[in-house]
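K.L.:
In order, the protein sequence lines correspond to chains A and B.
Just so you know, my numbering puts 116 at position 116 of the first sequence, and the rest follows in order with no gaps.
Here my numbering = 1-based position in the second sequence + 1000.
Wrong hints could be hidden among the right ones.
[Said to hold, decoys possible] Here are the simulated distance ranges between beta carbons:
{"#": "1", "chain 1": "B", "residue 1": "Asn1145", "chain 2": "A", "residue 2": "Ile90", "range": "29 to 37 angstroms"}
{"#": "2", "chain 1": "B", "residue 1": "Ile1004", "chain 2": "A", "residue 2": "Pro123", "range": "24 to 32 angstroms"}
{"#": "3", "chain 1": "A", "residue 1": "Gly159", "chain 2": "B", "residue 2": "Arg1247", "range": "24 to 32 angstroms"}
{"#": "4", "chain 1": "B", "residue 1": "Ser1158", "chain 2": "A", "residue 2": "Leu168", "range": "31 to 39 angstroms"}
{"#": "5", "chain 1": "A", "residue 1": "Pro14", "chain 2": "B", "residue 2": "Ala1234", "range": "35 to 43 angstroms"}
{"#": "6", "chain 1": "B", "residue 1": "Lys1167", "chain 2": "A", "residue 2": "Trp9", "range": "40 to 48 angstroms"}
{"#": "7", "chain 1": "A", "residue 1": "Val125", "chain 2": "B", "residue 2": "Val1016", "range": "27 to 35 angstroms"}
{"#": "8", "chain 1": "A", "residue 1": "Pro14", "chain 2": "B", "residue 2": "Ile1007", "range": "35 to 43 angstroms"}
{"#": "9", "chain 1": "B", "residue 1": "Val1016", "chain 2": "A", "residue 2": "Trp9", "range": "32 to 40 angstroms"}
{"#": "10", "chain 1": "B", "residue 1": "Glu1232", "chain 2": "A", "residue 2": "Ile90", "range": "26 to 34 angstroms"}
{"#": "11", "chain 1": "A", "residue 1": "Thr187", "chain 2": "B", "residue 2": "Ala1019", "range": "43 to 51 angstroms"}
Think of the hints as simulated: they come from the structure by calculation, not from any bench.
Remember, it's a predicted structure, so these values are computed and weren't measured experimentally.
Here a beta-carbon is modelled for each residue, glycine too, at the ideal position from N, C-alpha and C.
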Amino acid sequence: MNRNVQLLWNGLIPENPIFRLALSLCPAVAVTTSIKNGLMLGLAVLFVQVCSSCTVSIFKSYIHPRIRIPAYVIIIALWVTVIDMILPVISPDVYKEVKLFIALIVVFAIIISRLELFASKEPFVPSFFDGAGMGAGFCFGLVLIGAIREFFGAGQIYGYDVLGFKPLLVMILPAGGFFVIGFIMATFNWLEYKITGKLPKSGGGH
Amino acid sequence: MKEIVKIVLSLTTVCVAAALILGAVFAKTDHLRKVNEEKLREDTIQSLLGYGTGVKKPGDLKIFDVYRYVITDDKGTTVLGYLLPLKEKGFALAEIDLSGKPGKVIPVTANAAQLAEPSSRDAAINAALPKGSKATYAETLSIANLRDKRLGYVVPGSTQGFKEAIKLMVSLDPDFNVTGMAIVEAKEDPGLGAEIQQDYFRNQFVGKTVDLLKSLKVIKEPLPTDYLEVLEPAKAKKIGLTQDQIREIKQKHVKDDIYALTGATISSRAVTNGVKDTVRKFVYRLDILTGALKQDKLQVAF
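Using the sequences and the hints given, assemble the complete structure.
P.N.:
Dropping the structure here:
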């Protein structure tokens, strides 16, 4: 498989930021009470991740290794603020929906860890695809969690009533977020065991 | 030593570059953002008055903006100044001191377009004031007339939310009953406090009278199903409730307190207190303003 496609796929499933890398679980629990919330935050993260990864990979040789972390934080904050200023001008309607989520992004573990682990060592093109893959994987994770929680907690899909009643209110509450993420992680591990016959390696989270 | 210089230079470069980019973007977008915000404000006012998207605005609907300023003179005394559109052409700044006694009326030379723009409005008012006095903008009250009859008021307010201030707008009918509430700006948590934007929460304030507002509380009880259905116009339409049924259910619940949002009692309470405060202050201020206008024999446009 082409390396760039491989990178995209990697971020989406085999190294999914939420279910495999266990990064940025805090927003993944807090925001995903509905598909729409998950999707909005996911898209915002996708955009910031791609922009930051590209910026870091272009300027990596100019950033002194001792101060790379503050430099990365400034780059992420720069992109977040730029979006926060440009979006209300380009599209006030979209901004109205996503402005709550944009300000949250600056300190997401997933973004800074991809800059540190990937973009600071690799050239522009792979960094772009790694950022896109990781962002898309994060977005996919949020939407999946949001869909399960919204369906069971509110009986709705994307704001539309499908059940007409609320089967499990706990799913909308914070505890439900932990349940859902735990179950999906277990499913991912089980699938990997079925396919490769090996138990997955344990990893750290933030 | 060389290493230190390198590190300092590297980080400084990053910061300066970021600052330059942010400054440039801000300079480019600031004006357009303000224009969009102003348009959003006008849209919010119109939809609160019942002329939102899909409803045609009648031609004889007139919305007058009254700007409230805080004026400090060279001796340090503070008075309130209301910038009013006059019946004859022009605008005047009516001063009212903090105890509610009317003071001077100062004519302000400017046209409507100049007054709509915050910076030129500030300049016009400060130019009209005697030397040494300084006016600071406080808020804009909107007064709506339909066919020269009072239709209602739209009043801005703000309240401390879960993390940051929540800015809201309340619309009132001529008897100061709440006819609508909109959240203009809030940074509450998505999925929890951000639900204050939803119809089923906002519309709970509709129909509350001044007396009901005085004792209004937030209660942690589930929202009754029939009430929820009429609070969301889309839902009521889907179920097929008639106008009479909707009115009847609303009437049944009009004396209810505000039902707290699940997992966001603080935000619910913040908005409720914000609405109570905003209405209370507005009723008090408008009373003083009307009295002062009568005493000054000032003919205003509204």
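K.L.:
Hints first: check each against the structure and report whether it holds.
P.N.:
Quick rundown of the hints versus the structure:
A C-beta distance of roughly 36 angstroms is found between B/Asn1145 and A/Ile90, which places it inside the suggested range of 29 to 37 angstroms. Look at B/Ile1004 against A/Pro123: about 30 angstroms separates their beta carbons, and that is inside 24 to 32 angstroms. Judged by the Cβ atoms, the range 24 to 32 angstroms given for A/Gly159 and B/Arg1247 holds: they are separated by roughly 27 angstroms. Between B/Ser1158 and A/Leu168 the beta carbons are some 37 angstroms apart, a value that agrees with the proposed interval 31 to 39 angstroms.
For A/Pro14 and B/Ala1234, the hinted distance range of 35 to 43 angstroms is satisfied, since their beta carbons lie about 42 angstroms from each other. In this structure, B/Lys1167 and A/Trp9 meet the distance hint of 40 to 48 angstroms, their C-beta atoms being roughly 44 angstroms apart. Under the hint 27 to 35 angstroms, the C-beta atoms of A/Val125 and B/Val1016, about 28 angstroms apart, fit the expected range. Take A/Pro14 and B/Ile1007: their Cβ atoms lie about 37 angstroms apart, and the range 35 to 43 angstroms holds.
In this structure the supplied range 32 to 40 angstroms holds for B/Val1016 paired with A/Trp9, their Cβ-Cβ distance being about 39 angstroms. One distance hint, 26 to 34 angstroms for the beta-carbon pair B/Glu1232 and A/Ile90, holds here, with the actual separation near 31 angstroms. At roughly 46 angstroms, the beta carbons of A/Thr187 and B/Ala1019 sit within the given window of 43 to 51 angstroms.
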